[in-house]
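As you go down the protein sequences, you meet chains F and E in turn. Each residue of the first sequence is one higher than the last, beginning at 1 in the numbering used here. Each residue of the second sequence is one higher than the last, beginning at 1 in the numbering used here.
Where hints are given, some of them may not hold.
Identical chains blur together in the list; that is why a pair holds if it fits in one copy or across any two.
[To be verified] SDA-like, lysine to any residue: derived pairs with alpha carbons at most 20 Å apart:
#, residue 1, residue 2
1, K321, G9
2, K139, D74
3, K321, L300
4, K301, I110
5, K75, A298
6, K75, E290
7, K12, V144
8, K309, I110
By construction, these hints were calculated from the structure, which means they are not laboratory data. Since this is a predicted model, take the numbers as computed values, not measurements.
Number of protein chains: 2
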Amino acid sequence: MNIQSFPFGTSKVDYYFQATINNLTNVAPSSSAIIITDENVYGLYKEQFSDYRTIVIPAGEKYKQQATVNEIIDKLIRMEADRKTTLIGIGGGVVTDITGYVASIYMRGIRFGFVPSTLLAMVDASIGGKNGIDIGVYKNMVGVIRQPSFLLFDVNLLQSLPDSEWSNGFAEIIKHACIKDEVMFQELTQHTLHSYQSNTQLIASLVQRNALLKTGVVQQDEFEQGDRKLLNFGHTLGHAIENQYQIMHGQAVAIGMVYAGIISAQLLGFESLEPLKNVLLNYGLPTTFEFDKSATLAILKMDKKRDNKSIHYILLEKIGKGVINQISLQEIETIIQSF
Amino acid sequence: MNIQSFPFGTSKVDYYFQATINNLTNVAPSSSAIIITDENVYGLYKEQFSDYRTIVIPAGEKYKQQATVNEIIDKLIRMEADRKTTLIGIGGGVVTDITGYVASIYMRGIRFGFVPSTLLAMVDASIGGKNGIDIGVYKNMVGVIRQPSFLLFDVNLLQSLPDSEWSNGFAEIIKHACIKDEVMFQELTQHTLHSYQSNTQLIASLVQRNALLKTGVVQQDEFEQGDRKLLNFGHTLGHAIENQYQIMHGQAVAIGMVYAGIISAQLLGFESLEPLKNVLLNYGLPTTFEFDKSATLAILKMDKKRDNKSIHYILLEKIGKGVINQISLQEIETIIQSF
Numbered sequence: 001m002n003i004q005s006f007p008f009g010t011s012k013v014d015y016y017f018q019a020t021i022n023n024l025t026n027v028a029p030s031s032s033a034i035i036i037t038d039e040n041v042y043g044l045y046k047e048q049f050s051d052y053r054t055i056v057i058p059a060g061e062k063y064k065q066q067a068t069v070n071e072i073i074d075k076l077i078r079m080e081a082d083r084k085t086t087l088i089g090i091g092g093g094v095v096t097d098i099t100g101y102v103a104s105i106y107m108r109g110i111r112f113g114f115v116p117s118t119l120l121a122m123v124d125a126s127i128g129g130k131n132g133i134d135i136g137v138y139k140n141m142v143g144v145i146r147q148p149s150f151l152l153f154d155v156n157l158l159q160s161l162p163d164s165e166w167s168n169g170f171a172e173i174i175k176h177a178c179i180k181d182e183v184m185f186q187e188l189t190q191h192t193l194h195s196y197q198s199n200t201q202l203i204a205s206l207v208q209r210n211a212l213l214k215t216g217v218v219q220q221d222e223f224e225q226g227d228r229k230l231l232n233f234g235h236t237l238g239h240a241i242e243n244q245y246q247i248m249h250g251q252a253v254a255i256g257m258v259y260a261g262i263i264s265a266q267l268l269g270f271e272s273l274e275p276l277k278n279v280l281l282n283y284g285l286p287t288t289f290e291f292d293k294s295a296t297l298a299i300l301k302m303d304k305k306r307d308n309k310s311i312h313y314i315l316l317e318k319i320g321k322g323v324i325n326q327i328s329l330q331e332i333e334t335i336i337q338s339f
Numbered sequence: 001m002n003i004q005s006f007p008f009g010t011s012k013v014d015y016y017f018q019a020t021i022n023n024l025t026n027v028a029p030s031s032s033a034i035i036i037t038d039e040n041v042y043g044l045y046k047e048q049f050s051d052y053r054t055i056v057i058p059a060g061e062k063y064k065q066q067a068t069v070n071e072i073i074d075k076l077i078r079m080e081a082d083r084k085t086t087l088i089g090i091g092g093g094v095v096t097d098i099t100g101y102v103a104s105i106y107m108r109g110i111r112f113g114f115v116p117s118t119l120l121a122m123v124d125a126s127i128g129g130k131n132g133i134d135i136g137v138y139k140n141m142v143g144v145i146r147q148p149s150f151l152l153f154d155v156n157l158l159q160s161l162p163d164s165e166w167s168n169g170f171a172e173i174i175k176h177a178c179i180k181d182e183v184m185f186q187e188l189t190q191h192t193l194h195s196y197q198s199n200t201q202l203i204a205s206l207v208q209r210n211a212l213l214k215t216g217v218v219q220q221d222e223f224e225q226g227d228r229k230l231l232n233f234g235h236t237l238g239h240a241i242e243n244q245y246q247i248m249h250g251q252a253v254a255i256g257m258v259y260a261g262i263i264s265a266q267l268l269g270f271e272s273l274e275p276l277k278n279v280l281l282n283y284g285l286p287t288t289f290e291f292d293k294s295a296t297l298a299i300l301k302m303d304k305k306r307d308n309k310s311i312h313y314i315l316l317e318k319i320g321k322g323v324i325n326q327i328s329l330q331e332i333e334t335i336i337q338s339f
């Protein structure tokens, strides 16, 4: 196990790399901790945390809603959870988002930590303290920014994931490479999905590299006044598409990255659109998608990142160098309609 | 108008003393602000904020629940409130608690401020950043600590209050005097409820003194690790009684202060129980109440301030000097059963 601590503006987060769920007992003993997980993770791994009280929620983004929060809070009250209780979210982004949110509001905030069980959660969703729920079709409309006390990484959990979930995580890894890490981009072009799936050391190292990359960005700008916005590369259009069609987050982000790459080529002379498409295809991600442009633009307007009549759109100068561009809604409309 | 700014750990709060609602336009222009108020305040004062978009909620503590939060959030989405929007809570503690909570979670936190309309809200509820909702019978079970950007004090709003609401506020003023300000306690013994009701300058001065007193305590200990607990004087037993009987918060706190005074006499030799009772009676507050002791102790056990088997109980060494005492639940049970 490799333990590293990172200070954030309001707190400190302990990262347990190369760990297993069995290490949980040292981080948050079962006497004062309650696990929140979903029915999939519970079905696969419940023996590994059988000495913990556990709240099991239904699996899937459609349950990242207030009704689930209400159920969890009712159960916490019945379990007599108090200010000394630690909540542990074991699962993908839905579980970690909802666990962090509940822990941030229950009794005005109690301790919490995560054991991310998907690649997406390990490299992205569990890191950075953004948590919350969707309100109807509006993603992450309600939540707070509050850091977990710990993150425990057990890459053995990835072995039960289908290929589509691996691709889902690689979308965010490719995003990180695009905005901040050209060397990692080259590494990704030299490997395949299969090479990471079949080599525990390789994927553990990639997970740690990405967790640290995102951590560094968030530490510099916890409340997203500047550089943290770079992490939205591919997400502006991606979210708008994801809201309308039944595709996975990583697929939507992949498409968003391709379109952002095209806009980058037009506005900033970005020259690596083909390598970007190739690496996406290499990790099982789409590069084209037919979507309703007018409906998508309407959703963009309601996007959280909207700043009156313009949007902070993340573009690439080159691979490894993301930049924040203020683009008017009008200009975006013109470009998207011209695709 | 008298403007003062106070830094808290995570932000700065601007206090507008001797102001009127008309000054709101300078603090949070109607173009980017939405008012949240209750039907009582709206009925009395709507002309004074008619150029603002307004969300009106039903009046009363029983609406300080998730269902009201859901309704407000749905309306904010329909109004296209975004991260540049300011929410203004105009009302008593229920309105300010719920406004602060919604603003803290909507889009992971937007700007907010308060115009407290009751004496209780001016001297206590609107100050300190605690916000949230009740879950069933459990008071303030869900919420966050986040400071408002501004507080605007318009004591003219007090003129529409019934005497019982004035008494409600004086319970917290007397509490402040007991734990921190012997000179104010003497002032209170020399005046009457009527003298404050009939003299705008006198009540404006008292409001400001109490707002500043509470602000000082919270600034030292925003997240209630120490001295802020003093503000719970009278509240431990008070909340437990308030949860069971249909009495006002101030009445419950008054009874809680009398019992805390009796315990203080037993454990710390506190000698001013009679002056404390007299000042409570002087401001229309009760000093005795028949309550179910066993049921009350059961609720105490679930109190948020419970720390395993003991409670941080606030006692008085003398008037103006509150202290935090760790008392076992067993000892409290013995004392309360002996009353």
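- Task: Mind listing which of the numbered hints don't hold for this structure, in increasing order?
- Result: As far as the earlier hints go, 1, 3, 6 are violated by this structure, in ascending order.
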